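Engineer: All chains, please: the whole structure from these sequences, using the hints.
Next come the chains, spelled out residue by residue.
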Amino acid sequence: MRELLNTLPIYIALIAALLNLVRRQWSLNLIALVLQFIFITPSLLNLFPIQIALIQPFTGIMVSLMLYLTLNQVGGVEAIKLNRSLTPGEIFRAMAGIFLLTIVFFFLDDFQKAVFPTVPLEYLYLSFGLMLTGIMQLGTIREPLYLAIGLLTFLSGFQLLYSALEFSYLLEALFAAVNLLLGMVGSFFIVKNAESRPE
Amino acid sequence: MNNTVLLFVALPIALGLLLILLERWQRFSAFLAVLIPLSLSGLALIFSQSLNVSFLGQFLVLEDSLSVFGRSIQIGANQLGMVALLYFVCFLWNLPVKFFDYNHWFKSLSLIISGFWVLVQFINPFLYSALVVELIVLISVPLLSPRGAPAKAGIMRYLTMQTLALPLVLLSGWMVAGIETSPSAQALVSRGAFLVLTGFMLWAGVFPLHSWLPMLSEESQPWSHSFLLVITQVSLTFFFLHFLNQYPWLRNLEQLGLVLKWMGSLSIVAAGGLAAFQTNLKRISSYIYMAEAGYIILTFAYLPQGGLDIITMSLLPRIFGLWSLNFAISYLSKNIASEKMELEDLNGIIYRFPRTSGLLIISFLNIIGMPLFSLFPSKRILWGIVTADNLVFQVLGILGFLGFMIVILRTLNIMIKKPEHGEQEKVEKPIMILPIALIILIMVLAGTIPQLFSAPIQNILLSFNNLFL
Chain A
1 MRELLNTLPI YIALIAALLN LVRRQWSLNL IALVLQFIFI TPSLLNLFPI QIALIQPFTG
61 IMVSLMLYLT LNQVGGVEAI KLNRSLTPGE IFRAMAGIFL LTIVFFFLDD FQKAVFPTVP
121 LEYLYLSFGL MLTGIMQLGT IREPLYLAIG LLTFLSGFQL LYSALEFSYL LEALFAAVNL
181 LLGMVGSFFI VKNAESRPE
Chain B
200 MNNTVLLFVA LPIALGLLLI LLERWQRFSA FLAVLIPLSL SGLALIFSQS LNVSFLGQFL
260 VLEDSLSVFG RSIQIGANQL GMVALLYFVC FLWNLPVKFF DYNHWFKSLS LIISGFWVLV
320 QFINPFLYSA LVVELIVLIS VPLLSPRGAP AKAGIMRYLT MQTLALPLVL LSGWMVAGIE
380 TSPSAQALVS RGAFLVLTGF MLWAGVFPLH SWLPMLSEES QPWSHSFLLV ITQVSLTFFF
440 LHFLNQYPWL RNLEQLGLVL KWMGSLSIVA AGGLAAFQTN LKRISSYIYM AEAGYIILTF
500 AYLPQGGLDI ITMSLLPRIF GLWSLNFAIS YLSKNIASEK MELEDLNGII YRFPRTSGLL
560 IISFLNIIGM PLFSLFPSKR ILWGIVTADN LVFQVLGILG FLGFMIVILR TLNIMIKKPE
620 HGEQEKVEKP IMILPIALII LIMVLAGTIP QLFSAPIQNI LLSFNNLFL
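Top line first, the protein sequences correspond to chains A and B.
For the first sequence, my numbering gives the first residue as 1, with consecutive numbering after it.
For the second sequence, my numbering gives the first residue as 200, with consecutive numbering after it.
Source of the hints: derived by calculation from the structure; they are not laboratory data.
Just so we're clear, the structure is a prediction, and the values are computed from it rather than from any experiment.
The reader is advised that the hints may include incorrect statements.
[What the hints assert, rightly or not] Straight-line distance between alpha carbons at most 25 Å, and here's what the computed SDA-like set of lysine to any residue pairs gives:
(1) B/Lys539 with A/Phe188
(2) A/Lys113 with B/Gln385
(3) B/Lys351 with A/Ile135
(4) B/Lys351 with A/Ser27
(5) B/Lys351 with A/Arg23
(6) B/Lys351 with A/Met136
(7) A/Lys113 with B/Phe393
(8) B/Lys297 with B/Ala229
(9) B/Lys616 with B/Val626
(10) B/Lys539 with A/Asn193
(11) B/Lys351 with A/Gln73
(12) B/Lys351 with A/Ile55
(13) B/Lys351 with A/Leu69
(14) A/Lys113 with B/Arg390
(15) B/Lys533 with A/Glu195
(16) B/Lys539 with B/Ile560
(17) A/Lys113 with B/Leu367
(18) B/Lys539 with A/Pro9
(19) B/Lys351 with A/Thr140
(20) B/Lys351 with A/Ile141
(21) B/Lys539 with A/Val191
(22) A/Lys113 with B/Ala384
(23) B/Lys351 with A/Leu132
(24) B/Lys617 with A/Glu195
(25) B/Lys628 with B/Ile560
(26) B/Lys351 with A/Lys113
(27) B/Lys297 with B/Ile535
(28) B/Lys351 with A/Tyr146
(29) B/Lys539 with A/Ser196
(30) B/Lys628 with A/Met136
(31) B/Lys351 with A/Leu121
(32) A/Lys113 with B/Pro366
(33) A/Lys113 with B/Ala376
(34) B/Lys351 with A/Ser196
(35) B/Lys351 with A/Met66
(36) B/Lys351 with A/Tyr68
(37) B/Lys351 with A/Val77
(38) B/Lys628 with B/Ala229
(39) A/Lys113 with B/Ile535
(40) B/Lys351 with A/Glu90
Structural biologist: Structure below.
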């Protein structure tokens, strides 16, 4: 039971990242992004005191809120359509994402022993899962919102990994600043695109 | 403000933010955007002799470090030459800004970005600078992607590539921490070096990780874009030297020299080869930047043979060369109302803008290192060393050079073609003769008396004391 409670948030965070990779519905993507940031908190709590562990999720939620408000401003938020069937592109991205996460799952044990022996395996799985999903997202998009989401996912995975290797308040502050600026850049792109759209 | 960090990092960033508020007073903010970096550059030069300076009977003493979140940022007197140069770049790009179409964020963001690049050089532990570089990349987005047009593929690729460099550089430092005490860790050292070099290649747009460079230059305004590229190139040069100075595992890596030689010469040949087939002037200018990055890397490979002196010697001429080239491109872009700057748009332009067209061609010749011009002395010394070392790299360099010669001839050919329709009368303001003549004079003087440009900054790299051993 304890193990399940430890690993469940990791899988939920990764499923949220996969959902962002697969689906292209802005409202759904922002909810998934918030979930992703919320469910990395238990993993962080295993390594850091609560006041430190909450920095990353809190920043992530702030950024998601920033993106939501911008989308709302430009009229981009629509009701979520859960029953919409998957397009071939979405099926491809889902298969590729699952394949990637499976490969990471099977090879991570050896990789951890060789390169990151001090980082817990589940934690490493979460961080690499997020990084790779983020990279895949960056490779398969054209819309600025998904660029922001892809970069946020990639950076949150890397931030998880690096804070387990080396902790510093300055580093955390810089990561928080990068995440917030990334949110602003995402918002800037959304507004730009909305402004240049023909009426 | 009795601290170098507050004076040269915090103050410019704060003033940059203030300039955003003063944007509605265009002339005043433009004046400040010139005055502030010039003053900072001057102050940095004054304090580079000593942090204790006597002025009008007052004795000024600057502290050299500041603690932030338990880590320190330190700027000593012998490092202020680099600070002076970075603010001088900011000054140079703000000086003629009213001649061109420029992004309305330029004045404030150029100052903020310069402040952050100074921070990159002096943060401790310096690997954290990778995150500051990421901040700069994000801050620069409004400069590169002007409002009114949707975000295009170039800016997205730029953001992606620059962000991918961040983990590579950060992890390399962690991976080889304490390696000096473990001589048997050759595999780990090679892995660390691979990560660092790949990170730098992504940041600087070095072949084959350069694809964002021409795409981005095509979509953005040439003046803002060139500022970012030049200040990035200068800062990354210092930053890489910092890496080499700080990390003996990287400096003493046997294969590093060879890898750098290949990286540099492949960048030069690829830039020349790709530029030769371009039909867009803005893309061509980005390949020139790429070739110059190649020359810098090639110089890194020859540090034991006097590479540091070549870097010092080429710093100002390269900055000035890229400045003058982009001056001509930006001026023409505004006055022929061509945002894209296709070569076809330059048809017969020599009849309408004879002086600026001349400046464009001369700037091309200057930047590729033709005799008489400012980059010739440093490139001649470099090619002398390369020829004595390995002919393969020299052949690659010659091919790159030939590529750019083709570009120059093609551009000239289009410029002198008489247009079938349209006017051929001069529309260039006669006053332009003054700045253009001055620019060309400086280029020629720096080419014939190279000490003119290298003497003021001859001590700029002295703080990298391990590289002089």
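Engineer: Compare the structure with each hint and give your call.
Structural biologist: Structure-based check of each hint:
Pair hint B/Lys539 plus A/Phe188 holds up; C-alpha atoms about 23 Å apart against a cutoff of 25 Å. Distance restraint check for A/Lys113 and B/Gln385: the Cα-Cα separation of roughly 18 Å lies within the 25 Å cut-off, and the hinted pair is therefore satisfied. Of the pairs offered as hints, the one joining B/Lys351 and A/Ile135 holds, with about 19 Å between alpha carbons and a cut-off of 25 Å not exceeded. Proximity of B/Lys351 to A/Ser27 is assessed by CA-CA distance (about 23 Å); at most 25 Å being required, the pair is judged to hold.
For the hint linking B/Lys351 to A/Arg23, the alpha-carbon distance of about 22 Å falls within 25 Å, and the restraint holds. Distance restraint check for B/Lys351 and A/Met136: the Cα-Cα separation of roughly 19 Å lies within the 25 Å cut-off, and the hinted pair is therefore satisfied. For the given pair, A/Lys113 sits about 21 Å from B/Phe393 by alpha-carbon distance, which is consistent with the 25 Å threshold. Note on B/Lys297 and B/Ala229: the hinted pairing holds, with a Cα-Cα distance of about 8 Å set against a maximum of 25 Å.
Among the hinted pairs, B/Lys616 with B/Val626 is consistent with the structure: their alpha-carbon atoms are about 17 Å apart, no more than 25 Å. Restraint check for B/Lys539 and A/Asn193: the C-alpha separation of about 20 Å stays at or below 25 Å, so the hint holds. A C-alpha spacing of about 21 Å is found between B/Lys351 and A/Gln73, which places the hinted pair at or below 25 Å, so the restraint holds. Among the hinted pairs, B/Lys351 with A/Ile55 is inconsistent with the structure: their alpha-carbon atoms are about 32 Å apart, more than 25 Å.
Proximity of B/Lys351 to A/Leu69 is assessed by CA-CA distance (about 23 Å); at most 25 Å being required, the pair is judged to hold. Restraint check: the Cα-Cα separation between A/Lys113 and B/Arg390 comes to about 16 Å, which is no more than 25 Å; the hinted pair holds. Distance restraint check for B/Lys533 and A/Glu195: the Cα-Cα separation of roughly 24 Å lies within the 25 Å cut-off, and the hinted pair is therefore satisfied. Annotation: proposed proximity of B/Lys539 to B/Ile560 holds, straight-line Cα distance about 19 Å (limit 25 Å).
A threshold of 25 Å between alpha carbons decides the hint, and for A/Lys113 with B/Leu367 the separation of about 20 Å falls inside it, so the pair holds. Proposed proximity of B/Lys539 and A/Pro9 is contradicted: the alpha carbons are some 50 Å apart, above 25 Å. Only pairs whose Cα atoms come within 25 Å are accepted, and B/Lys351 paired with A/Thr140 is accepted, the gap being roughly 15 Å. For the hint pairing B/Lys351 with A/Ile141, the CA-to-CA distance comes to about 12 Å; that is within 25 Å, so the pair holds.
A C-alpha spacing of about 23 Å is found between B/Lys539 and A/Val191, which places the hinted pair at or below 25 Å, so the restraint holds. In summary, the hint linking A/Lys113 to B/Ala384 is supported, as the alpha carbons are separated by about 16 Å, within the 25 Å threshold. Distance hint between B/Lys351 and A/Leu132 is fulfilled; the C-alpha atoms sit about 24 Å from each other, no more than 25 Å. Of the pairs offered as hints, the one joining B/Lys617 and A/Glu195 is violated, with about 40 Å between alpha carbons and a cut-off of 25 Å exceeded.
Proposed proximity of B/Lys628 and B/Ile560 is supported: the alpha carbons are some 19 Å apart, at most 25 Å. At most 25 Å may separate the alpha-carbon atoms for a hinted pair to count; B/Lys351 and A/Lys113 exceed this at roughly 42 Å. Note on B/Lys297 and B/Ile535: the hinted pairing holds, with a Cα-Cα distance of about 16 Å set against a maximum of 25 Å. The suggested pairing of B/Lys351 with A/Tyr146 holds, with an alpha-carbon distance near 13 Å, which does not exceed 25 Å.
Of the pairs offered as hints, the one joining B/Lys539 and A/Ser196 holds, with about 18 Å between alpha carbons and a cut-off of 25 Å not exceeded. Between B/Lys628 and A/Met136, the direct Cα distance comes to roughly 52 Å. Violation of the 25 Å bound is thereby established for this hinted pair. As the CA atoms of B/Lys351 and A/Leu121 are separated by approximately 39 Å, the hinted pair breaks the 25 Å bound. At most 25 Å may separate the alpha-carbon atoms for a hinted pair to count; A/Lys113 and B/Pro366 meet this at roughly 20 Å.
In summary, the hint linking A/Lys113 to B/Ala376 is supported, as the alpha carbons are separated by about 18 Å, within the 25 Å threshold. Restraint check for B/Lys351 and A/Ser196: satisfied, since their Cα atoms lie roughly 12 Å apart, inside the 25 Å limit. Taking the CA atoms of B/Lys351 and A/Met66, the gap is near 22 Å; set against the 25 Å cutoff, the hint holds. Distance hint between B/Lys351 and A/Tyr68 is fulfilled; the C-alpha atoms sit about 22 Å from each other, no more than 25 Å.
Taken as a hint, the B/Lys351 and A/Val77 pair is honoured in the structure, with Cα atoms around 22 Å apart against an allowance of 25 Å. Of the pairs offered as hints, the one joining B/Lys628 and B/Ala229 holds, with about 22 Å between alpha carbons and a cut-off of 25 Å not exceeded. For the hint pairing A/Lys113 with B/Ile535, the CA-to-CA distance comes to about 62 Å; that exceeds 25 Å, so the pair is violated. For a cut-off of 25 Å, the pair hint linking B/Lys351 to A/Glu90 stands: about 23 Å separates their Cα positions.
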